[in-house]
Amino acid sequence: MNSSIATPVIHGHSTLRTLAILLTLIVPGCQNEPPPPQPMLNWYVFDERSGAFRQAAAACSAQAAGRYQIALTPLPSDADQQREQLVRRLAAADSAIDIIGMDVIWTAEFAAAGWLLAWPDETSRHIANGRLPAAVASSRYKDRSWAVPFTSNAQLLWYRTDRIAQAPDNWQSLIGQAEAMAAPGSIQLQGQRYEGLTVFFVSLLASAGGSVLNANGELSLPDEATLTALTMMQRIATSPAVSPSLATDREDQSRLAFETGRPSFMLNYSFVWPSAHQNAPEVARHMAYSRWPAISPNQPSRVTLGGINLGIAAYGRHPQLAFEAAECLASAANQIKAAVQGGMPPTLEALYDNPEIRRHFPFADTLRDTLRDAVLRPPSPVYNDISLAISRTLHPMRNIEPTADLPRLRRAVQRALNSEGLL
Amino acid sequence: MSSHPAERRLAWLLCAPAVAAMLLVTAYPIAYALWLSLFRYDLRFPAQRSFVGLANYASVLGSEVWWKALTNTLLITVGSVGFEFILGLALALLAHKTTIGRRSVRTAILVPYAIITVVAALAWKFAFDPTTGFINALLGLQNAWLTEHWSAFMVIICSEIWKTTPFMALLLLAGLTQIPADLLKAARVDGATAWQRLRLITLPLMKPTIMVALLFRTLDAFRIFDTVYVQTRGAQDTETVSIVGYNTLIVRLNLGLGSTVSVLIFICVLLIAWLFIKGFGAPFEQRSGGPS
Chain U
17 MNSSIATPVI
27 HGHSTLRTLA
37 ILLTLIVPGC
47 QNEPPPPQPM
57 LNWYVFDERS
67 GAFRQAAAAC
77 SAQAAGRYQI
87 ALTPLPSDAD
97 QQREQLVRRL
107 AAADSAIDII
117 GMDVIWTAEF
127 AAAGWLLAWP
137 DETSRHIANG
147 RLPAAVASSR
157 YKDRSWAVPF
167 TSNAQLLWYR
177 TDRIAQAPDN
187 WQSLIGQAEA
197 MAAPGSIQLQ
207 GQRYEGLTVF
217 FVSLLASAGG
227 SVLNANGELS
237 LPDEATLTAL
247 TMMQRIATSP
257 AVSPSLATDR
267 EDQSRLAFET
277 GRPSFMLNYS
287 FVWPSAHQNA
297 PEVARHMAYS
307 RWPAISPNQP
317 SRVTLGGINL
327 GIAAYGRHPQ
337 LAFEAAECLA
347 SAANQIKAAV
357 QGGMPPTLEA
367 LYDNPEIRRH
377 FPFADTLRDT
387 LRDAVLRPPS
397 PVYNDISLAI
407 SRTLHPMRNI
417 EPTADLPRLR
427 RAVQRALNSE
437 GLL
Chain Z
18 MSSHPAERRL
28 AWLLCAPAVA
38 AMLLVTAYPI
48 AYALWLSLFR
58 YDLRFPAQRS
68 FVGLANYASV
78 LGSEVWWKAL
88 TNTLLITVGS
98 VGFEFILGLA
108 LALLAHKTTI
118 GRRSVRTAIL
128 VPYAIITVVA
138 ALAWKFAFDP
148 TTGFINALLG
158 LQNAWLTEHW
168 SAFMVIICSE
178 IWKTTPFMAL
188 LLLAGLTQIP
198 ADLLKAARVD
208 GATAWQRLRL
218 ITLPLMKPTI
228 MVALLFRTLD
238 AFRIFDTVYV
248 QTRGAQDTET
258 VSIVGYNTLI
268 VRLNLGLGST
278 VSVLIFICVL
288 LIAWLFIKGF
298 GAPFEQRSGG
308 PS
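Chains U and Z, in that order, give the protein sequences.
When we follow my numbering, the leftmost residue of the first sequence carries the number 17, and every step to the right adds one.
When we follow my numbering, the leftmost residue of the second sequence carries the number 18, and every step to the right adds one.
Check the hints yourself; a few may be wrong.
[Stated by the list, open to error] To give an idea of the interface, some chain Z residues facing chain U are shown, with a C-beta separation under 8 Å as derived from the structure: (1) Ser-80; (2) Gln-159; (3) Gln-195.
[Claimed, not checked] Stretches of chain Z that chain U covers, calculated by requiring three or more beta carbons in the stretch to come under 8 Å of a beta carbon on chain U: (4) 52–61; (5) 245–253; (6) 259–271.
Source of the hints: derived by calculation from the structure; they are not laboratory data.
Even for Gly, the Cβ is constructed at its ideal location relative to N, Cα and C.
Make the full structure from the sequences, and use the hints.
As structure tokens, then:
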């Protein structure tokens, strides 16, 4: 009897003693640690491989001279997954996010949900100065500015000078030239069911003079332009010149295929240029660029805008400092760094004349012209649903039947606008 | 066995902590999902939250996306579990009968099951890829497997079979070891062929184990997510109900519709379990009066 009572008591003692020892170990440890010397701003942005973003964060932290420190938290490289991780945190009002590296398409959604702080009018006017108008437009929603444009992007047509004398300036001649080569996979482009397919459709639609939504955010998709775009998509996808795996190709598959040397044309972003020079110098020697092909001969192509804007999260602890830090991160010096090291085109127009950037971007003029005509993806709080509706309805491209798919597409986008049903 | 009331009470008391924990971590979320499924509630538009009754159910059940996903899921489930059972039984018999290198054989059988599903799915994806894969070279084909509906299905089902057959084999092996060796020996003496022994003695005695193995795998296969997510992301009409749930809940942040999908998946799972227990005999009832 005695022992059965005594045992737990001894156990209790030993547990208490262990706890006490642990506490004595931990408590002085806490006391020794100095208090954080300055506010820490967390910058959530995709994992940039070259280190340009990290250097920008370090440079701005140094420039702040102790008022704040920027810590970079990398997100996945896939834009869909970046968004998934961010929206989960933002929907839960996570105070650990200060600055968000936002894809240009998230502005409306994040702003409408109340996850961002609007920029003061004066700062936003000053920021818009000298930046590409399309990039500035992508950071605005409901007449307010929600982000500072940092990097930009748009697709170009890349081709092989050893096989092509003059770059085709419209789709008809591009397909004609590619089919004449009688090699499958001569044209590399993106056809998987994902954001890239929506981008492709929006570019074709804008080149044909149409848009998904009108200025009031209502369904547009005009008959003539949409039919032209759909017919062209179907024509491209059923051409013997495209890759047989078009229905699962994304940007990187196109790049890898082009670097094998077999394809003659590729529609892709400018990251393919440094990549080819590094991985396939033989291919890079014969690589040239031109604007995205047009649909009608007398109307230049309009290509979808990409890139990153920096927004300020609504739940951060130091919003004023975050505005300041974001402006610093998107400054000319850091845009040069991002362009030269990371291959991301700047949003400040003047930088396209910067000799250092021109050395890395020999295509700077073509790219700037493309970006000046660039088109935005529909700026809507339900953009993500709209994009899903588009890529679902139009995948795989080879099965598109323009007249039958036009009403299907209109219905799907309308349902997405009403946030109805499953997608 | 436990007919004394005192013993029964003790049994309940001993179970109580586990029951409480289960209620806390499963019953609450399930009830909350049921509750959410009655609302129009999108995290992107929190102000528009409103009670809509069963409208979400009408919306999901009236959508072709749901029915297509359900058909796909059932197809994957039946296809993979069927093959897994046959292969698993063969492997279990092999592992049971092996006399030399018994441990090595059993370990080798288990290797695929030890590989993380995402890794296995990626490996199969790369193997079937026309540029990086070896399958086309091996078969002398030029197929882009994951770009067509049926071939994508085949790759997904094959990955599933490869990955989870070991689990089936392991469960069936446990059942095999319980069959008294004397019975088989006696049958052999009486002149029963190997096929007769398998069909008339081994399989009937293994029935409870087989039912448990099939039920586990069916429920597991019905919730398939990772393989499809990695290999096609639901493209080529390979979407499963879990992918639909994920897209609605995580990507679109539509808590109302997403919870509705989750609740419907839960109901499907209950239906499958009920069918197994009621329809195919009852392996979970207490085996009373066994000669053990």
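How the hints compare with the structure:
The criterion of a C-beta within 8 Å of any C-beta in chain U is met by Z/Ser-80, whose closest approach is roughly 5 Å, and the hint holds. At about 7 Å, the closest approach between the beta carbon of Z/Gln-159 and any beta carbon in chain U falls short of 8 Å, and the interface hint on this residue holds. The interface hint given for Z/Gln-195 is violated, since its Cβ lies 41 Å from the closest Cβ of chain U, which is over the 8 Å cut-off. Given a C-beta distance limit of less than 8 Å, the hint that chain U covers the segment 52–61 of chain Z holds, as 3 residues qualify and 3 suffice.
Chain U is given as covering the segment 245–253 of chain Z, and this holds because 5 residues of the stretch bring a CB closer than 8 Å to a CB of that chain, at least three being needed. A stretch counts as covered by a chain when three or more of its residues have a beta carbon under 8 Å from one of that chain; for the segment 259–271 of chain Z and chain U the count is 8, and the coverage holds.
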